[in-house]
Amino acid sequence: MGAESDNVNSQIRGAADRQSDGPEPSGNANIAALPMPAYQRRMVESASRFTWNCWARQTGKSFTFSLRRLVRGLLRRRTQIVLSAGERQSREVMEKAYLHCQALKIAAEFRGDGYFRNTSYRQLEIRLPGGVRIIGLPANPLTARGFTGDVFLDEFAMHQEDEAVWAALYPSILRGRGELDVCSTPRGVKNLFARLRDNARFERTTVTLGQAIAEGLEADATELREAIGDELIWRQEMCCEFVDEATSFMPYELIRRCQEVRLSTTVDWLAMQRAGADVYVGVDVGRVRDVTAVWIVERGGELLETRGVLVMERASFEEQERVIGEVLGHRSVRRCCVDATGLGMQLAERLVRRFGSYRVEGMTFTAGLKSELAGRLRMLAETGRIRIPVEDAIERDWHSLTRVVSRSGHVRYEADRAAGGHADRFWAAALAAHAAARHVGCGDGEYLTGGAARFARQGVW
Numbered sequence: 100m101g102a103e104s105d106n107v108n109s110q111i112r113g114a115a116d117r118q119s120d121g122p123e124p125s126g127n128a129n130i131a132a133l134p135m136p137a138y139q140r141r142m143v144e145s146a147s148r149f150t151w152n153c154w155a156r157q158t159g160k161s162f163t164f165s166l167r168r169l170v171r172g173l174l175r176r177r178t179q180i181v182l183s184a185g186e187r188q189s190r191e192v193m194e195k196a197y198l199h200c201q202a203l204k205i206a207a208e209f210r211g212d213g214y215f216r217n218t219s220y221r222q223l224e225i226r227l228p229g230g231v232r233i234i235g236l237p238a239n240p241l242t243a244r245g246f247t248g249d250v251f252l253d254e255f256a257m258h259q260e261d262e263a264v265w266a267a268l269y270p271s272i273l274r275g276r277g278e279l280d281v282c283s284t285p286r287g288v289k290n291l292f293a294r295l296r297d298n299a300r301f302e303r304t305t306v307t308l309g310q311a312i313a314e315g316l317e318a319d320a321t322e323l324r325e326a327i328g329d330e331l332i333w334r335q336e337m338c339c340e341f342v343d344e345a346t347s348f349m350p351y352e353l354i355r356r357c358q359e360v361r362l363s364t365t366v367d368w369l370a371m372q373r374a375g376a377d378v379y380v381g382v383d384v385g386r387v388r389d390v391t392a393v394w395i396v397e398r399g400g401e402l403l404e405t406r407g408v409l410v411m412e413r414a415s416f417e418e419q420e421r422v423i424g425e426v427l428g429h430r431s432v433r434r435c436c437v438d439a440t441g442l443g444m445q446l447a448e449r450l451v452r453r454f455g456s457y458r459v460e461g462m463t464f465t466a467g468l469k470s471e472l473a474g475r476l477r478m479l480a481e482t483g484r485i486r487i488p489v490e491d492a493i494e495r496d497w498h499s500l501t502r503v504v505s506r507s508g509h510v511r512y513e514a515d516r517a518a519g520g521h522a523d524r525f526w527a528a529a530l531a532a533h534a535a536a537r538h539v540g541c542g543d544g545e546y547l548t549g550g551a552a553r554f555a556r557q558g559v560w
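Sequential numbering from 100 applies to the sequence shown in my numbering.
None of these hints come from the bench; they were simulated from the model.
Note that the structure is predicted; figures quoted are calculated from it, not measured.
Just to be clear, a hint being listed does not mean it is correct.
Simulated DEER-style distance windows between Cβ atoms [said to hold, decoys possible]:
no.	residue 1	residue 2	range
1	Val422	Glu481	28 to 38 Å
2	Gly309	Glu262	25 to 35 Å
3	Arg511	Arg175	50 to 60 Å
4	Arg452	Leu369	26 to 36 Å
5	Tyr457	Arg356	27 to 37 Å
6	Arg175	Val422	18 to 28 Å
7	Tyr269	Arg373	52 to 62 Å
The C-beta atom is built at its ideal place from N, Cα and C for all residues, glycine as well.
Please put together the full structure from these sequences, using the hints given.
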């Protein structure tokens, strides 16, 4: 440990001892007690006001920046605001910050039962000595304007309204001499995080998986690469490359417009049981390498809102039928479309016999049907008529799909068969949207082409 670490430690101890408001400090804060790779320690100890950080997955972003904001908050006696892509991500960062308080023996009180200013956005809060607070919230323009202090934008490339958040946030930081850490793994090139890499105001750091391992991170790069099994994902997620997403059928920018932080992949059984609920289900069947995905949506007018996403990996057909049957057992489920291609045929037939052909429809994937399904889901996304949870697996799954046109003009949809499947969640969502469209009264019949979707007429390409 160098003189810089010793100086930071002494400053933290001094700051804690000088503060008299709030919980009683112990005076034992010592970041040297926390083992971490060299690149993490450099960032924790950095005094830079603005930092832009492009770090690979699994390199300790939440660990590092939650500790950094804790340290800087105590030194500067300022409120620290953590803005994450969703409530789950916000809780993950805040729980790590609280663990740091315990490891450093800093008196702290964790509060997780509040909401931001009469909204549905859950506000997490850690109260520290001297009235210092760390506040965790899902990011949107409203929460970005809500506080004055130093800010950590967590996984900023995943933020749904990144430009609006930035416009709301940055002026107050400049006025109040606030500090700002921006950190993320790349998500394509069409977002503000990608554009900020050229901003000279920021101290910039890039940490690939290889660099992290070289500086002390315990990980097996070969094992991780084999597990991912997808070169494009590997380059983006682990090598920090800003991959051009022009070939993707569902660009990240379009996916983010569909995301809603209050939604979850956990099935909303209360919504399923609500009187008058109008629920539809799509099932993409997998067995060996692929997962079986069950996507549940509720229709309200023209809007489809996700009410749950179930994923079963290497589950027996008996177990899959049991889980799907539990969903279809609710009277609110109007219709379910099941992938009946290949291995899915038997499961689809059993569900049709059990629940009736008026509620369950087996769908055999053909080139024409895939074009219809994919086209409808993209159209819903572009017109803002579908809402989905914020989740990495969903984002990667939807983005993995590409539309390939052969020299003869035939269209096919492809996704690399990585360990996570082959766009299973995308096709499950597309089947759920199809179930809603096929149900009487949907008003979506203009997209039922019966063949290749007529995108040119709609201005999609």
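Status of the hints after comparison with the structure:
1. Val422 with Glu481: 28 to 38 Å: 32 Å, holds
2. Gly309 with Glu262: 25 to 35 Å: The hint (25 to 35 Å, Cβ to Cβ) holds, given that Gly309 and Glu262 are roughly 32 Å apart.
3. Arg511 with Arg175: 50 to 60 Å: With Cβ atoms ~56 Å apart, the hint holds.
4. Arg452 with Leu369: 26 to 36 Å: Check passed, 30 Å falls within 26 to 36 Å.
5. Tyr457 with Arg356: 27 to 37 Å: Since the Cβ atoms of Tyr457 and Arg356 sit about 34 Å apart, the hinted range of 27 to 37 Å holds.
6. Arg175 with Val422: 18 to 28 Å: 50 Å Cβ-Cβ, so the 18 to 28 Å window is violated.
7. Tyr269 with Arg373: 52 to 62 Å: With Cβ atoms ~41 Å apart, the hint is violated.
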